[in-house]
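J.: Listed below are the residues making up each chain.
There are 2 protein chains.
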Amino acid sequence: MSVDQIIDSIFLIPNESKALLKENFVEVRYPKGHILLRADRIEKNIYFIQKGIARAYADVEDTEITFWFGREGDAILSMRSYVENKEGYDNIELLEECALYELKTANLNKLFLEDLHIANWGRRFAEQELIKTEERLLSRQVRTASERYKQLIKDHPDLIQRVPLVHIASYLGITRNSLSRIRAEIM
Amino acid sequence: MSVDQIIDSIFLIPNESKALLKENFVEVRYPKGHILLRADRIEKNIYFIQKGIARAYADVEDTEITFWFGREGDAILSMRSYVENKEGYDNIELLEECALYELKTANLNKLFLEDLHIANWGRRFAEQELIKTEERLLSRQVRTASERYKQLIKDHPDLIQRVPLVHIASYLGITRNSLSRIRAEIM
DNA sequence: CGATACATTTACCAAATGGTAAAAAACTAC
DNA sequence: GTAGTTTTTTACCATTTGGTAAATGTATCG
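Taken in sequence, the protein lines are chains A and B.
For the first sequence, my numbering gives the first residue as 9, with consecutive numbering after it.
For the second sequence, my numbering gives the first residue as 9, with consecutive numbering after it.
What the hints contain is simulated information worked out from the structure, not anything from laboratory work.
Possibly wrong hints are sitting among the right ones.
Identical chains blur together in the list; that is why a pair holds if it fits in one copy or across any two.
With a cut-off of at most 27 angstroms between alpha-carbon atoms, the simulated DSS-like pairs for lysine-lysine come out as follows [said to hold, decoys possible]: (1) K30 x K52; (2) K30 x K59; (3) K118 x K140; (4) K158 x K94; (5) K112 x K59; (6) K162 x K94; (7) K94 x K52; (8) K59 x K40; (9) K118 x K158; (10) K94 x K140; (11) K52 x K162; (12) K26 x K118; (13) K112 x K158; (14) K118 x K30; (15) K52 x K118; (16) K52 x K140; (17) K40 x K118; (18) K26 x K52.
Using the sequences plus the hints, can you model the full thing?
T.: In structure tokens:
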């Protein structure tokens, strides 16, 4: 996933604006297992995944609850930090060695107030994250864990290969036991 | 909730921009039980609640699943229609007689591309909806139905008075039976 | 390759939840 | 106020899920 692909997939903007925006994408690399964002901090950067896979989890009474997976092209951010400049609930762990684009929130915010096209790009970015988040919420509310597991296999078959099942069970809101049962049923 | 309060609570913008935006708020009234938005349509308007209360529900195999409640100050919109101009999953039912502000999405989109301040207002609007949606998702993932019910009483005590318990049970992801059990336990 | 650690499956029982139906309570409309 | 409708509670049993622990399978590293 190139910088251009990422920017264009969100909203098409004129070349001058795009150049201003592109300047802020800095490529960084981290190893598998690296904790990129922490729940107890106000995070100053957001990221886009060029290559690799990550998860977000919340610490709840001595267990981790995974509530998001991200892969190539996805944005990594603590929404709370990004939007309200407060501590969030999300820890981000890289599940593979990752190549990322790093952007400073402060720089982005400055551009938003200076450039109409970039402001609209930022609006579209938030709107698209909103749609994705609502979809996750709906799927959780409307479908059973078993249905959502099947959906996951269908939509992202590689994810089951690349991610430990413990995290997938947690993501589905069930125990590893129950996930094993579901997997056994299907075959 | 006045138009000014609603606009200002999202993002402060200069008076000229605000005047342009305000022109688009049209007050409308509908009776209790009115279906404001439908899942099978591309909705062309969004609303803010001046007075009253509403719920969003999805039709799933001959049952309705409530996944959102809105009250004074909240925005009512089919995210899918607003963001992607596609049919959404949400039906909106007014649970009381409501006074609403209606805005045409097309007019808003035009303003977004013409006025930097309004574009940023639209960005903040999406960002704030994003935070709220993520919070609902997290709460669902992390807390039990019982905990979430207690939280609901604490945060919005009036809601339990104003909304039939069937909808609250559905919102919490449990049956009316289980909600009754929870309520019985608490006392 | 082998030893160790970690992840996953299976089995068992306990606890929580759903479904149906009937009783009680609350709300509507005349 | 009363009859009728709708909503909520309660009780029962069937089903699903969780928790613990042991067994199997898979990775990792010297």
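J.: Evaluate each hint against the coordinates.
T.: Status of each hint after checking the structure:
1. K30 x K52: within (18 angstroms within a copy, 34 angstroms between copies)
2. K30 x K59: Answer is within: at 18 angstroms inside a copy they meet the 27 angstroms cutoff, but 44 angstroms across does not.
3. K118 x K140: both (26 angstroms within a copy, 24 angstroms between copies)
4. K158 x K94: Answer is between: at 25 angstroms across copies they meet the 27 angstroms cutoff, but 36 angstroms inside does not.
5. K112 x K59: For K112 and K59, the Cα distance is within 27 angstroms only inside one copy (19 angstroms; across copies 40 angstroms).
6. K162 x K94: between (36 angstroms within a copy, 23 angstroms between copies)
7. K94 x K52: within (10 angstroms within a copy, 34 angstroms between copies)
8. K59 x K40: Within one copy only: 12 angstroms inside a chain, 51 angstroms across chains, cut-off 27 angstroms.
9. K118 x K158: neither (43 angstroms within a copy, 41 angstroms between copies)
10. K94 x K140: Cα proximity of K94 and K140: in one copy and across copies (22 angstroms, 14 angstroms).
11. K52 x K162: Result: close neither inside a copy nor across copies, 35 angstroms intra and 32 angstroms inter.
12. K26 x K118: both (15 angstroms within a copy, 21 angstroms between copies)
13. K112 x K158: Result: close neither inside a copy nor across copies, 37 angstroms intra and 39 angstroms inter.
14. K118 x K30: Classified as both; 14 angstroms inside a copy, 26 angstroms across copies.
15. K52 x K118: Classified as within: same-chain Cα gap 13 angstroms, cross-chain 32 angstroms, threshold 27 angstroms.
16. K52 x K140: Both: 23 angstroms inside a chain and 21 angstroms across chains, each within 27 angstroms.
17. K40 x K118: Neither. Shortest intra-copy (32 angstroms) and inter-copy (45 angstroms) distances fail the 27 angstroms Cα cut-off.
18. K26 x K52: within (22 angstroms within a copy, 30 angstroms between copies)
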